[in-house]
Amino acid sequence: MTVDRRVFLAALGAAGAGALAQRVAFAQPAGKPIVIGSTLALTGPLAATAMVHKLTGEIYVEDLNKRGGLLGRPVQWLLKDDQSKPDIARTLYEQLITSDKVDLLLGPYATGNILSAMGVAQRHEKMLVHHTFGIPKLAKYDRQFSSWSFGPTPEISTPNLVLDAMASTPHMPKTVAIVT
Numbered sequence: 001m002t003v004d005r006r007v008f009l010a011a012l013g014a015a016g017a018g019a020l021a022q023r024v025a026f027a028q029p030a031g032k033p034i035v036i037g038s039t040l041a042l043t044g045p046l047a048a049t050a051m052v053h054k055l056t057g058e059i060y061v062e063d064l065n066k067r068g069g070l071l072g073r074p075v076q077w078l079l080k081d082d083q084s085k086p087d088i089a090r091t092l093y094e095q096l097i098t099s100d101k102v103d104l105l106l107g108p109y110a111t112g113n114i115l116s117a118m119g120v121a122q123r124h125e126k127m128l129v130h131h132t133f134g135i136p137k138l139a140k141y142d143r144q145f146s147s148w149s150f151g152p153t154p155e156i157s158t159p160n161l162v163l164d165a166m167a168s169t170p171h172m173p174k175t176v177a178i179v180t
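If you read the sequence shown in the numbering used here, its first letter stands for residue 1, the second for the next number, and so on.
Among the clues, some could well be false.
Cross-link-like lysine to aspartate or glutamate pairs, in silico, DMTMM-like; alpha carbons within 25 Å at most [to be verified]:
no., residue 1, residue 2
1, K80, D100
2, K32, D103
3, K32, E62
4, K174, D164
5, K126, D81
6, K126, D87
7, K32, E94
8, K32, E58
9, K126, D100
10, K66, D87
11, K66, E94
12, K54, D103
Everything labelled a hint here was simulated from the structure, so no lab data went into it.
Given only the sequences and the hints, what does the whole structure look like? Please build it.
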């Protein structure tokens, strides 16, 4: 069987591109780390749930770095304990921006703490990506971004949907169970 020169070169190019793509996909991140700063309620009444977010974040950063980092650079997560208190979250986000000079901000856990962090981000004109923000109508900052929503659309929260549905029934239930 005779192989046409064009077919041979195309096959060789495809094999080379595949090998290069594999090498790039698993390249070790290099250069100055991209630092993502955030707080979580590592202590205080919200700590049990926030610890799930901490573990998830650590696993994600580890996996991200194994896959080449972000923009080819390693990622470092600078995490501080806001003690489940919005005023401490506010102070710590000021530190993350002004003293620690982080590259990106990730929001804290819980609506009160998110609102505190959002105010700091707004004052410094930084984007704030956050999660678990249960009352989206309170977000008055156009550079905030909720990574997921509790309702059918970002401006509608599930608790309001549930309470509105209950209020519209002819026989109001005596008890309600909410499973999360």
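Evaluated hints:
no., hint, in the structure
1, K80 with D100, "11 Å, holds"
2, K32 with D103, "11 Å, holds"
3, K32 with E62, "16 Å, holds"
4, K174 with D164, "15 Å, holds"
5, K126 with D81, "20 Å, holds"
6, K126 with D87, "19 Å, holds"
7, K32 with E94, "22 Å, holds"
8, K32 with E58, "19 Å, holds"
9, K126 with D100, "14 Å, holds"
10, K66 with D87, "36 Å, violated"
11, K66 with E94, "30 Å, violated"
12, K54 with D103, "19 Å, holds"
Violation of the numbered hints given earlier is confined to hints 10, 11; the remaining hints are satisfied by the structure.
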